[in-house]
Structures are given as C-alpha cells and as structure tokens.
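Q: Residue strings, one per chain:
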Amino acid sequence: MSEVKIEKLCKSYGPVEVLKDIDLTVEDGSFVVLVGPSGCGKSTLLRSIAGLEPVNSGNMTIGGKQVNDLPPAQREIAMVFQSYALYPHMDVYNNMAFGLKFAKTPKAEIDARVNEAARILQLEPLLKRRPRELSGGQRQRVAIGRAIVRKPQVFLFDEPLSNLDAALRINTRVEIAKLHKMLKATIMYVTHDQVEAMTLADKIVVMNNGRVEQAGRPLELYYKPNNLFVAGFIGSPAMNFLPAQVKKGGTLALSDGQELKATLPSSCKTGDSVTLGFRPEHMTLGGTGNFALTGTVDIIERLGESGFAHVRLPSGQTIIAEVRGDPRTSSGQSAKLTFNAENLHIFNAEGRRLG
Amino acid sequence: MADAKAGAGNAIVGMGRGSYAMLLVFFLGPAVVIYTVFSIYPLLATIFNSLYLRQPDGAYIFNGLGNFQTLLTDTTWSAPFWNAFRNNCYFFLIHMLVQNPIGLALAAMLSLPRLRFRATYRTLIFMPTMLSVVIIGFTWQLILSPLWGISKMFLNAFGLGFLFAPWLGQESTALITVSLISVWQFVGIPMILIYTALLAIPEELIDAATVDGLNQFQAFIWVKLPLIFPTIGLVSVLTFVNNFNAFDLIYAMKGALAGPNFSADIMGTLFYRTFFGNQLQLGDLSMGSTIATMMFLIILIGIMCYLFLIQRRMQRYSF
Amino acid sequence: MRKPASAIAVHGILILYTALALFPIILVIMNSFKARKAIFGAPLALPTPSTFSLIGYDKVFGDSSIVSYYLNSITATGGTIFFTLLFGAMAAWALTEYKFRWNTLLTLFLAVGIMVPIRLGSVAIIQLIVELNLINTLTALILVYTAQNLPLSIFILSEFIAQIPKDLREAGRCDGLSEYSIFFYIVLPLIRPAMATVAVFTMIPVWNDLWFPLLLAPTGGKQTITLGIQQFLGQYITDWNAVLSALSTAIIPVLILYVVFSRQLIRGLTSGAVK
Ligand SMILES: Nc1ncnc2c1ncn2[C@@H]1O[C@H](COP(=O)(O)OP(=O)(O)OP(=O)(O)O)[C@@H](O)[C@H]1O
Ligand SMILES: [Mg+2]
Chain B
2 MSEVKIEKLC
12 KSYGPVEVLK
22 DIDLTVEDGS
32 FVVLVGPSGC
42 GKSTLLRSIA
52 GLEPVNSGNM
62 TIGGKQVNDL
72 PPAQREIAMV
82 FQSYALYPHM
92 DVYNNMAFGL
102 KFAKTPKAEI
112 DARVNEAARI
122 LQLEPLLKRR
132 PRELSGGQRQ
142 RVAIGRAIVR
152 KPQVFLFDEP
162 LSNLDAALRI
172 NTRVEIAKLH
182 KMLKATIMYV
192 THDQVEAMTL
202 ADKIVVMNNG
212 RVEQAGRPLE
222 LYYKPNNLFV
232 AGFIGSPAMN
242 FLPAQVKKGG
252 TLALSDGQEL
262 KATLPSSCKT
272 GDSVTLGFRP
282 EHMTLGGTGN
292 FALTGTVDII
302 ERLGESGFAH
312 VRLPSGQTII
322 AEVRGDPRTS
332 SGQSAKLTFN
342 AENLHIFNAE
352 GRRLG
Chain A
11 MADAKAGAGN
21 AIVGMGRGSY
31 AMLLVFFLGP
41 AVVIYTVFSI
51 YPLLATIFNS
61 LYLRQPDGAY
71 IFNGLGNFQT
81 LLTDTTWSAP
91 FWNAFRNNCY
101 FFLIHMLVQN
111 PIGLALAAML
121 SLPRLRFRAT
131 YRTLIFMPTM
141 LSVVIIGFTW
151 QLILSPLWGI
161 SKMFLNAFGL
171 GFLFAPWLGQ
181 ESTALITVSL
191 ISVWQFVGIP
201 MILIYTALLA
211 IPEELIDAAT
221 VDGLNQFQAF
231 IWVKLPLIFP
241 TIGLVSVLTF
251 VNNFNAFDLI
261 YAMKGALAGP
271 NFSADIMGTL
281 FYRTFFGNQL
291 QLGDLSMGST
301 IATMMFLIIL
311 IGIMCYLFLI
321 QRRMQRYSF
Chain Y
182 MRKPASAIAV
192 HGILILYTAL
202 ALFPIILVIM
212 NSFKARKAIF
222 GAPLALPTPS
232 TFSLIGYDKV
242 FGDSSIVSYY
252 LNSITATGGT
262 IFFTLLFGAM
272 AAWALTEYKF
282 RWNTLLTLFL
292 AVGIMVPIRL
302 GSVAIIQLIV
312 ELNLINTLTA
322 LILVYTAQNL
332 PLSIFILSEF
342 IAQIPKDLRE
352 AGRCDGLSEY
362 SIFFYIVLPL
372 IRPAMATVAV
382 FTMIPVWNDL
392 WFPLLLAPTG
402 GKQTITLGIQ
412 QFLGQYITDW
422 NAVLSALSTA
432 IIPVLILYVV
442 FSRQLIRGLT
452 SGAVK
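Protein chains in written order, with this note's numbering: chain B, 2 to 356; chain A, 11 to 329; chain Y, 182 to 456.
A couple of the hints might just be wrong.
What the hints assert, rightly or not - Computed cross-link-like contacts, BS3-like style, restricted to lysine-lysine with a CA-CA straight-line distance of at most 30 Å: (1) Lys182(B) x Lys102(B); (2) Lys347(Y) x Lys102(B); (3) Lys182(B) x Lys152(B); (4) Lys262(B) x Lys225(B); (5) Lys337(B) x Lys225(B); (6) Lys66(B) x Lys105(B); (7) Lys240(Y) x Lys6(B); (8) Lys21(B) x Lys218(Y); (9) Lys129(B) x Lys347(Y); (10) Lys66(B) x Lys347(Y); (11) Lys240(Y) x Lys102(B).
What the hints assert, rightly or not - Per label pair, the in silico range of CB-to-CB distance: (12) Ala89(A) x Ile437(Y): 55 to 61 Å; (13) Arg27(A) x Thr319(B): 54 to 60 Å; (14) Phe239(A) x Gly317(B): 26 to 32 Å; (15) Glu110(B) x Ala292(Y): 46 to 52 Å; (16) Gln65(A) x Gln308(Y): 16 to 22 Å; (17) Phe72(A) x Glu312(Y): 18 to 24 Å; (18) Gly68(A) x Phe242(Y): 44 to 50 Å; (19) Ile236(Y) x Pro111(A): 41 to 47 Å; (20) Thr400(Y) x Gly74(A): 34 to 40 Å; (21) Lys129(B) x Pro111(A): 54 to 60 Å.
What the hints assert, rightly or not - Per the computed footprint, the stretches of chain Y lying under chain B, defined by three or more beta-carbons under 8 Å from a beta-carbon of chain B, are: (22) 226-233; (23) 336-350.
If you are wondering where the hints come from, they were derived from the structure by calculation, not from laboratory data. We treat Cβ as the ideally placed atom computed from N, Cα and C, and that holds for glycine.
Could you put together the complete structure from these sequences and hints?
A: What follows is the structure in structure tokens.
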C-alpha cells in the first residue's frame, strides 16, 4: 500500500501563500501528473511531499503513515530532479549506491540493487563513468536509477524530461510508462508538456495559483473541464472563448449580433452572461455542423497535414480553427466556421462549467 | 498536524529546534569564535586602550579623548604624528599617480586582442608582487647601494652618471625612493584587477564602437574606461587601505626609525615605534593604541568615501 | 593590433617592463652564486666556472636555524590554510544554506574583517597572546592569521557554494544524508577548486608577512623564514655573499611555488573571486 493522501495542505514563503488548502489523493500504483502555469506551486507541492520544504499546516500521509515531521529519507520517497542532480564527483555506480550506503545497507544488497537498476535502465556499460561523461539521456536514466534502487513507496518527478531534446523526450516518455507498468509504482510527476501529461497520467491534477483547479482522468479534463481555467489550460492550441448572453428561448447572442441556438443546461437563465468555449480541433472551415460563425480569415498557419486558421469575427475577436489538408481559402476572404453542439462548453459568469 | 514551529522556524523538515541550533553552532562556531577573539576583540580593545593613560606608577586611568588631544596638539607627539601622516599621504599619492596608471596601461596592453605571449607577460610582471617585502627591500637596497654601484653603472651607460646619488640615504629622496620601490613591487595588483575587468567587457561593445567609427584607442577611452570605473574605484580604495597600513617595506629598508631624520616615517612605523619603544623612547601602550585608532579612523574614512561617493555613482555603469 | 608597427611597440613596452620587473630578482640570484670579487667586479655577468662559489650558501645553511625557520613557515602557513579553509567553508555553508535570525547581521559582522586590517589591533593581540601564554609559538601565528583570512575566504567560498545547484543538496537529503554529511561528502568535494584558490590567496601573504612574526614570535627559534632572513640580513649586513645567498634562499622557493600555482592564482583573480 503506498497511497499518498494530502489534506488541507498550506505553505507560504513569508507573506506569500504558495499552496492553499491542497487536498489530493494519489491511489496506490497510480500515475498522477501535476500541471499548471509556471509559478503555480507544482514544485513546491512535490518538495513538500518529499520533505524538502516545511509546510505551515495540513496533513500528509504516505502508505498510511503520517510523514509531516519526518525528514526526507524516512518518508520512503525518491525524487528525480529536473537537473538530475547527479553527484558530479562520483561515478554512476556510486551515484546510485550513495543513499544506500548511508542507510547502512549490506554491501551485497547494494550491489544487487544497483545492478538490477542498471539492467532495467541499460546502464550496465556506464557504471564506471562520471556524470559529465554521459549524454543528457544517460544522465536522466542514472537519475531514475538512483530513485529505483531506493525501492521507494512513491516516485516524485519534477519535469524530468525538460532538459532533453524532442526525440529523446518521446523515447524516454515511453520508457517511463513501461517502467511504471513494470514496477507498479506510485508516481507523482510534474510537467509542462501536455502530451506527456495526457499520455502518461492515470490522473491529471491541474493547479493554478496554489490551488488544485481540477483533478481527474485525462479525457475527463479534456471533455468536461470544471472551469474556464482548466478548459483553457488543457488542449493545444487553447480553447476559444467568446462571451455571450442568454436570450429568450435559449438563444445565445454573441457581442457582434450573431446568434446560436443550443439546448442550454437548466441552470442557464435568460439574461445571464456566459462564456462559450469550443476547441479549435472541433471546428471546421466551411463544413457542416449545427452551429456556424462567420468572419474573415486573418492568416492560415499551414503545418502540412493540418493547419490553423485565425478567423476574425465582426466583433474583432479572433477564433482559431483547425483545418485539414490545404484549404483554398486565403487571408482576407470571408469564412464560415461550423461545429457540433455537443462540443460546446458553457461557463457561467464565475467561470464554472454549466451542465 | 505540522505545528507552527515547522513552518515558521528552520527550513529543515524533521529537525527540532535544539538540533538546528547545534547545527548552526557546529558550522559557524569555530569561525566566529576565532574571528571575534583574534580580530574584532583586539580592534575594539585597542580603541578602548586609547582612552586610558598610563600613570607613572604603572596604573591606567580613564582619560577620555585626552590621548588624541595630546597626539594632535602636544608638539612632542604631534610633530612626529603629522610628519608621519604627511609622509603617508605622499606615499599614497605616489601610488595613485604612478602605480595605478602603470597598472592600467599594462592591463590595457595585455587585454589587446590577438596579443601573443599574453600569459607569459602577465605571469612575469606579477612576479615581484609574490615576494616578501623584506626580500624586495633588501634587494633594492643592494642595487641602489653606492658600494655595489649597479645603479651608477646603468646611469653611466646612458651618460647620466652625474645623476647618481645615495637616494635611500638622503633626507630629500628617501621617501620617494621607498615609495617607488613599493610601486615596483605592487603594480601587479592593479594590473591584474583591471585586466580582469577589461576581459569581462563583451567584445561586441568594442565591435559596436568600431562600427561607430572609433579607433582602438578611442574605443578604450570612451567605452572601456567608463566601464571599468568601478574596478578603478576598488583599486584606489585597496591602495588606500594598504598604504595607510604599510610597515614592512620601510621597516625592512630603513628600520624602525624610518630613514634619515624620520624622512620616510609613516603611520605604521610610527605606531610600531611608539608601542614598542626604541632607542629614543619607551614603549607606550596607550599612545600606541591611540595611533592605531587614528589609523583605523583614517582607513574607515577612506572606505566610507569609497562606499558612499564612488560606489554609488558607479553602479550606473555596471551591466 | 592589426598594424605590425603598433604591435611591435606594444611588445617592446611589455618586454621592457618585464625586464624591469625581473632584473633585480635575477641579479640577486645570479650574484649569489659568485665569489665576492666577481660580485663587485662584474655584477652583470653570469657566474662562470672561475667565479662560481657557494660560500654564501655555506654560511646561510651553516646557520642551522634557517632550516628550522623554513619548517616554522611551512607549519604556520599550512596550519593557517587548513583552519582557514575548514572553518571558512563550514561558516560559508551555514551562511548560504541555513536561514536564521542573525544571518544578515553575521554576514556584515564578518565583512568588517575584509576591509579593516587586523594589524590595527596588534596592541591588544599581543596582550591577548601573552595572556594565553602563546608568545613565541606558531599557534599564536596560526590563530591570528586564521582570524585575518577567514572573512575573505568565507566570502569567496560562499559565492561558490551558492553556485552548487540546490537540487544536488536536496538529492543528498533524499538519499538520507544528515546535514553534516551533506557538507562533508557533497559540498566539500565540489568546492575543491575554490578552496585551492583561497589556499593560494592565503598562502602568499602569510608566508611573506613580517609584522606578526616580529610581534608574536620574534625569538626562541620560532621565527618564520621571512623574519629569520630579515634578522640574518641584519646580522651579516656587510657579508655580501651571505646576504645575496640568504635573499636567494628566500626567493627561490616562492618562485617555484608561484610558477606551480600561477595558473590557479591568476585564474582565481580573473574569475572575479576578489571583487
Ligand atoms: N524559496 C522561495 N522563497 C520564496 N518564494 C518562493 C521560493 N520558492 C518558490 N517560491 C515561489 O513559490 C511559487 C511557486 O513556485 P514553484 O517552484 O512551486 O512553481 P512551479 O509551479 O514549480 O513553477 P515552474 O513550472 O516554473 O517550475 C512561485 O511564485 C515562486 O516564486
Ligand atoms: Mg517547478
């Protein structure tokens, strides 16, 4: 059992509150990814769980054991840092064995564990090298190896792939997914990369400004974002937002007079101001759908197989729509954007999801 | 529940207040104790001593600022003090006018792009700075000695033999000679510091100036020089502190009496003589402390000037 | 320097200055190997088989104390370097890594010692050393020099310690190291280059100092080589062979050390360690 449970966790640096009332459960064996804008407190949360930062209040348990006042080494966690934090003055073997030596693990046991980790991570030929003689990807694997040999209850990863180049990042991502399956480990993982988050996670936790905005399965967050922030954060390019007003008979009026007819959730009342959201990949240029918006094409970014049309509505707002293939439309022309009703998200004035 | 202690106190989770204090004591204790006992305490005690006067019976009584008044106004004390102070000012002035410009010029040449043997010059020119002042003092004493006649030989080679004089032995030239020897020894310090500052200036800035039509020399004057003002300020204050604290060279070359008729006497030698005594007078702890305190004040004023005037104005230039 | 003419001018000036800087040193060493007659007869000539003589060195090393003065200097300098580095690094680590109420104040307190020369407290230092019964001991010198060098070394080492990535220290904490082990097993090995720089900075002035040996250990066989040479020179002032050899004896080891460490030293200076 290595469930992580966090209750009402608060942490501040002097007057600045960095974590505000965080509640979070990481089920045994699950892979939880923390995402959020820079400075929202992801690293701080991870470091608090690791015991590298003292917290102001709240409760943390790992595997049912309360860990608030335990030093990092007694929490049965392992952390993989963004910079890898390999000890530059020790070879790969000693980097992995260092913590075990301090834990007074018997020599034979250390040997066995390090060799096992080296085998899993294909580090065997590199055991005698110093970190500076390794490539970025190899260093990364050593950092993971150092975590594995500790046999921790929970792995904590803080942006472990952000220093790798694009190709290596994809490779390593797959490796980490395999490793998770093999070790059946509980993992908490911070990343800025949406693809990493969506592909690796059993559960994604979206943080903003020191709070958890929403936690759920990746597709749940994609299809049913709780609020404007999550809606805008998950998905790339970001969801389009347009302000609208609920008219009599359930029509949604945009600020430039265009109207959309939709089945509104019951909580919508006539006269309410709402925000409409629709994802670029759910819109088509000139196709068919129950909804349509017209505007002028500003520019089309062509990526090859697909592209993005930036369409300006008469109100002056710009909408991004994904286009397939090579549309004939060029800038300056007028365009009709269509999409389906089930892909429309409606948020109330406070930004909460309606329906 | 994590209590308030963990949040508000130390930054190490799972460590109690007591062991955190132990940790700080372990790491800071030795340095702070040694430094306080052998550096700060003596400085304060010296200032304290300067406020007391020795009675004929050997007891010390509180004398307020009386010792300072004696030092500055009573001719038996004030004459040597002002003499040493004036000499020390000359000593400093010669360093500022000779040592630092030469250091600057050498640094400027060493930092020229594509100069060959740069490291060799740098290492060799810095060499005298590494040697003990005692050695340097004696070496120059030999070279300038009329007995050996090396300097005379050199002057003769240029037809200037008539200029030769026992410079170190003459009242009128002793101080200048000693100052120049000190300059010769320590020119490496401004050279290296300024050289470092020059290297730190991005090459693009000079390229930009070249594009603007400045030649190498103009670029140095108008672009590099303003950028190394902070370093020149630092060099000046270091020179000041070192000069007003100097002792070794004059003691090594001229002894505690500092040359014919005290003509090369500076604060450091005056302090030494006063405290330890010499052929002419008995050692005097109170007056020695008083002179040391005066030196402390002079140096403090120098540092203050640097911090308040120079440093503040120059920060605008730093990148 | 595109134009060859100005390049030649620059080299000319630099060579002249280098010659000026080296001439006295070379002159002394060269003449120390000559017989008295040749020293005066042809001071600028290299020693030849006919003028070669080691009579000066016989006198210097015949005075057996010179060797023990060397040992004194080595002990005093070595001891100072050891304690300055150890205590300096420990304090630098605590000041950069740990938060506590007096941190800033303590840093300022230590900064005083960078600017204010400890010599000004000599009167009280002597009283203190007498009180502690340490007069004419190397311990006295080591204590005073350590106090003198600690502030700058703490300052320089702090800068280097601050550059050690935070992640690395925290990896240590995750690995179960105590704060003490983090310092001794991770921090100390990583700041070795900085410690070498500080060691060189500390070594030269301590080795060359005349003031404190004169005040604290002037007699009793505990003189350092600098003071010992100074006393020797005073004693043999008219014996040129002895004087020149004594000077060379003092110069040569320093020159050798300088050549060995000049890279370290200049790199330390140019890396902005002293700013
Ligand atoms: N030692 C510190 N002292 C004061 N404030 C800090 C400290 N460390 C972090 N913060 C602040 O806490 C907030 C959260 O920082 P944190 O490092 O957790 O962000 P993050 O979500 O990991 O960001 P990123 O994605 O850029 O890594 C930031 O606003 C940061 O400025
Ligand atoms: Mg972060």
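Q: Look at each hint and say if it fits the structure.
A: Now the hints, each set against the structure:
1. Lys182(B) x Lys102(B): 28 Å, holds
2. Lys347(Y) x Lys102(B): 22 Å, holds
3. Lys182(B) x Lys152(B): Cα-Cα ~15 Å, so holds.
4. Lys262(B) x Lys225(B): 21 Å, holds
5. Lys337(B) x Lys225(B): Judged against 30 Å, a Cα distance of about 26 Å means the pair holds.
6. Lys66(B) x Lys105(B): With Cα atoms ~23 Å apart, Lys66(B) and Lys105(B) stay inside 30 Å; holds.
7. Lys240(Y) x Lys6(B): Violated, at roughly 82 Å.
8. Lys21(B) x Lys218(Y): Violated. Lys21(B) to Lys218(Y) sits at ~90 Å, over the 30 Å cutoff.
9. Lys129(B) x Lys347(Y): Holds, because 25 Å separates the two Cα atoms, which is no more than 30 Å.
10. Lys66(B) x Lys347(Y): Status holds; Cα separation ~28 Å.
11. Lys240(Y) x Lys102(B): Given that 30 Å is the threshold and the Cα spacing comes to 58 Å, the pair is violated.
12. Ala89(A) x Ile437(Y): 55 to 61 Å: 47 Å, violated
13. Arg27(A) x Thr319(B): 54 to 60 Å: 58 Å, holds
14. Phe239(A) x Gly317(B): 26 to 32 Å: For Gly317(B) against Phe239(A), whose Cβ atoms are near 52 Å apart, the range 26 to 32 Å is violated.
15. Glu110(B) x Ala292(Y): 46 to 52 Å: Holds - the Cβ-Cβ distance for Glu110(B) and Ala292(Y), about 49 Å, lies within 46 to 52 Å.
16. Gln65(A) x Gln308(Y): 16 to 22 Å: 18 Å, holds
17. Phe72(A) x Glu312(Y): 18 to 24 Å: Check passed, 21 Å falls within 18 to 24 Å.
18. Gly68(A) x Phe242(Y): 44 to 50 Å: 45 Å, holds
19. Ile236(Y) x Pro111(A): 41 to 47 Å: For Pro111(A) against Ile236(Y), whose Cβ atoms are near 43 Å apart, the range 41 to 47 Å holds.
20. Thr400(Y) x Gly74(A): 34 to 40 Å: Given about 37 Å between the Cβ atoms, the range holds.
21. Lys129(B) x Pro111(A): 54 to 60 Å: Given about 55 Å between the Cβ atoms, the range holds.
22. 226-233: This one is violated; 0 residues, fewer than the three required, reach chain B with a Cβ under 8 Å.
23. 336-350: As far as the segment 336-350 of chain Y goes, the hint holds, because 3 residues have Cβ atoms under 8 Å from chain B.
Violated hints, listed in ascending order, are 7, 8, 11, 12, 14, 22; each of the other numbered hints is respected by the structure.
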